[in-house]
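Number of protein chains: 2
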Amino acid sequence: MKLAVIQMSMTNSLRQNLEKAIAFVSIAAKNGANLILLPELFENLYWCQVQREEFFALAHPLEGHPFLSIFQKLAKENNSVLPVSFFELAGQARFNSLATIDSSGEILGVYRKSHIPDGPGYAEKYYFNPGDTGFQAYKTAVGHVGTGICWDQWYPESARAMALLGAEILLYPTAIGSEPAEVASPNTHVAWQRAMIGHAVCNAMYLGAANRVGTEVIHGLSQTYYGSSFICDYNGEKIAEANQSEETILYADLDLEKARSHRAGMGFFRDRRPDLYAPLLTLDGKTKR
Amino acid sequence: MKLAVIQMSMTNSLRQNLEKAIAFVSIAAKNGANLILLPELFENLYWCQVQREEFFALAHPLEGHPFLSIFQKLAKENNSVLPVSFFELAGQARFNSLATIDSSGEILGVYRKSHIPDGPGYAEKYYFNPGDTGFQAYKTAVGHVGTGICWDQWYPESARAMALLGAEILLYPTAIGSEPAEVASPNTHVAWQRAMIGHAVCNAMYLGAANRVGTEVIHGLSQTYYGSSFICDYNGEKIAEANQSEETILYADLDLEKARSHRAGMGFFRDRRPDLYAPLLTLDGKTKR
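So the protein lines, in turn, are chains P and X. Using the numbering used here, read the first sequence as starting at 2 and increasing by one per residue. Using the numbering used here, read the second sequence as starting at 2 and increasing by one per residue.
Simulated from the structure, these hints should not be mistaken for laboratory data. Treat the hints with care, as some may be off.
The list makes no distinction among identical chains, and a pair is therefore deemed to hold if it is satisfied within one copy or across any two copies.
To be verified - Within a straight-line C-alpha distance of at most 30 angstroms, the following computed DSS-like cross-link-like pairs (lysine-lysine) qualify:
(1) LYS259 / LYS287
(2) LYS126 / LYS259
(3) LYS77 / LYS140
(4) LYS259 / LYS140
(5) LYS287 / LYS140
(6) LYS74 / LYS31
(7) LYS21 / LYS74
(8) LYS239 / LYS3
(9) LYS140 / LYS74
(10) LYS77 / LYS3
(11) LYS21 / LYS140
Take these sequences, add in the hints, and give me the full structure.
Structure representation (C-alpha cells):
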C-alpha cells in the first residue's frame, strides 16, 4: 500500500481550499497512493489563531455536511482511503473532528480530537469541546488506520491507545507553526517530529503527519505554519519529509507485513504491565480508582 | 545540579567491576556531579545472554546486600545521589532492581523493573520476576528523580507514570547491544535513543541513559553492547552522548527551573484525558473494567 501526505497552504476561501485539496488528492491517487492524508481544518485559515464568534459559524453537522460528501465521492472515484478534517457541530457542542472515508466512499467513523490545546495563537479551547469519542482505529480497505488530530500527536497515550485498538498506521492531520513572540520556544518543529518518531518506535508502526505551510493573517495577527510534514517507519526512520515552506505531496510504500513481524519480534506488546498503569488514569498520579 | 552518566565495560570479576564503578563515581563527583548514573547490573557480565542456573546465585536480599552499603558510603562521602542496580532476592522471587541512594547515604527506595524482555541474548524472563513495586519517582536532595530500568525505556507508560508521580528527570540504567544474527534488526541503538527522546519531549523533562560497552563472552556466546549512552534536555535535544565502544563519563548541567517553566507552558499535563485512557489498562485494547 502507498501512503500520501499532503502539505498545503490555505486561504480564507472555502472554495479555493477545497479545489486545492481535491487537486492534491487526485494527483496523489494518480501516483498510486491509496491512503491519502490532508492537513487539519484545511477548509480555512487556522482561525484558532484568534478568538472571534464569527468562526463558530464554520461548524456543521456530519449529516448534510457542506463538503464531506465531495470527498466521499473523491475517495470512491480514486479507490483511496481519505481521512477528512472538519469542524463538527453536534447539538450545542462543537468538535475538531475527522471523518475517515473508506475507498468505497463510506464514512467508517468520526473521531473527535481528544486533547485540545490552548495558548497564544492556538485558542482551540475557545472553539472546541474536548472530544468524546475516545481514540479510534479504523479497519479500512488498505489496513488498520489510527487517526489522531494535531495536539493528540504529543500524547503517548493516544498513540498507544490507537495501537492497542488495532491500528497499524498512525496518522495525524495537523496545523502547527511558529509560536508568537511571547512564547519561549520559538519553533517546535524538531521536538514535534521527535514526539511522533517516539510513538512510531514504541508502537513499532508507520506514522504520517500532514501539516499546513504559509503565513496566515487573521484580524491583523500573523502566524507562520512550519510544514515539516513527514512519514516515518516502524523504527522511527523518516522515509519522506517536506520542508518548512513549500506545498508538496509526500509518498511512501508501506510494508505492513514487515512492520507486523518487527512489532511481534520486539515484544513491546507482550511485556506491557497494565496492572501497574493505574497512575496513567489520573491527572496527578494519585490513584483514586 | 549536574548529572553524570557512566558508560563502562564489565568483566566476570565482581571485585574488578566494583572497583571500576567506584572509581568512575568518584571522578564524576570530583567533577561536580551530584546525580550519578551507573549502568544496569554492572556487577557482572550481562549473564542474561544465557540461561544457566549458576547465575541465580548472584541474587541477594536488600538487607545485608554484599555491595549496596559500599555505594551508600560513597554517595554520602561524595554528597551525590546514586541509583544502584542490583539483582535482588526477595523470598523465592528475584528482581532486576535499583536502589536509589540519596546524598545522605540513605536508600530512598527500591524500584523493581516492571517490563521484562525476552529473546535471543536477553533471556531476562528466565531470571527475573516482573517487578511489583510500580513506577517510582524519588524526592532526592538534588531533585525529583524517576528511575526506569533498561527495557522500561521503550515503554511510554513507564515514563509517563514516573512523570505523573512527580519525576522531573528520567534515568535509565541499561544493558543493551547488538542483536544475535537470528534477529532481523541488527542494531537498535538509533531507535533506542529515539524512544527515550520521545519520552523526554512528551513529558518535557531531562533524561539520561547509561549503557555498557564491550564484547562479552559467556559460555561461548558473544554479545557486543553498543554504549550510545546519552543525556537529553526537555526538547529531546542530546546534550551529551557517548560513542558505541568507549568507556566514558557524560556530564550535563540541568536547569530544572527552566524545564519546569517549559513543561507548564507546553500544557501537556493540563490537557490530558484520563477519562479516555481506559484502553491503556488492557493488553488487547478491550476495556474490561
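Taking the hints in turn, this is what the structure says about them:
1. Taking the closest pair of Cα atoms, LYS259 and LYS287 come within 30 angstroms of each other only across two copies (25 angstroms); inside a single copy the shortest separation is 40 angstroms, beyond that limit.
2. When the C-alpha separation of LYS126 and LYS259 is checked against a cutoff of 30 angstroms, the pair qualifies only between copies, where the shortest distance is 26 angstroms, while the shortest distance within a copy is 40 angstroms.
3. Only within a single protomer do LYS77 and LYS140 lie at most 30 angstroms apart by alpha-carbon distance; the minimum there is 16 angstroms, versus 58 angstroms between protomers.
4. Only within a single protomer do LYS259 and LYS140 lie at most 30 angstroms apart by alpha-carbon distance; the minimum there is 18 angstroms, versus 43 angstroms between protomers.
5. Taking the closest pair of Cα atoms, LYS287 and LYS140 come within 30 angstroms of each other only across two copies (16 angstroms); inside a single copy the shortest separation is 36 angstroms, beyond that limit.
6. Taking the shortest alpha-carbon separations for LYS74 and LYS31, only the intra-copy value of 15 angstroms comes in at or below 30 angstroms, while the best inter-copy value is 70 angstroms.
7. In this assembly of identical chains, the alpha carbons of LYS21 and LYS74 lie at most 30 angstroms apart only when taken from the same copy (16 angstroms versus 69 angstroms across copies).
8. For a Cα distance limit of 30 angstroms, the shortest separation of LYS239 from LYS3 inside one copy, 15 angstroms, qualifies, whereas the shortest one across copies, 33 angstroms, does not.
9. In this homomeric assembly, LYS140 and LYS74 come within 30 angstroms of each other (Cα to Cα) only inside a single copy, at 19 angstroms, whereas the closest approach across copies is 58 angstroms.
10. Taking the shortest Cα distances, LYS77 and LYS3 sit within 30 angstroms of each other inside one copy (16 angstroms), while across copies they are farther apart (59 angstroms).
11. Only within a single protomer do LYS21 and LYS140 lie at most 30 angstroms apart by alpha-carbon distance; the minimum there is 28 angstroms, versus 54 angstroms between protomers.
Of the numbered hints given earlier, the model fails none.
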